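A.B. asks: Taking the hints into account, I'd like the entire structure generated from these sequences.
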Amino acid sequence: MFGAKKIPDAARGVGQSMRILKAELAADDRSTNPAHATPPSPTPPHHDQLTVKPPREDV
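Those letters in the sequence shown? Residues 1 to 59, per my numbering, in order.
Rather than coming from a laboratory, the hints here were simulated on the basis of the structure. Computed from a predicted model, the values in this text were never measured in an experiment. In this text, a Cβ means the ideal position worked out from N, Cα and C, and glycines have one as well. Each statement offered as a hint is correct.
Quick list of the computed label-pair ranges, beta carbon to beta carbon: (1) 55 to 21: 53 to 61 Å; (2) 54 to 21: 56 to 64 Å; (3) 55 to 25: 49 to 57 Å; (4) 55 to 29: 50 to 58 Å; (5) 24 to 54: 57 to 65 Å; (6) 54 to 28: 52 to 60 Å.
C.D. replies: Okay, structure coming up:
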């Protein structure tokens, strides 16, 4: 099918085409959906999760 000299060149071309396609898809996703352009920031914990209640002594 291909000679031994052509296989590395063909693989390189396929790899380069895949990188270009991936970059174009990522750019298109950022332009059509800006919410996915930056990762979401973590939400802070609620106030009730920050308070520590002392143990009950009447037990």
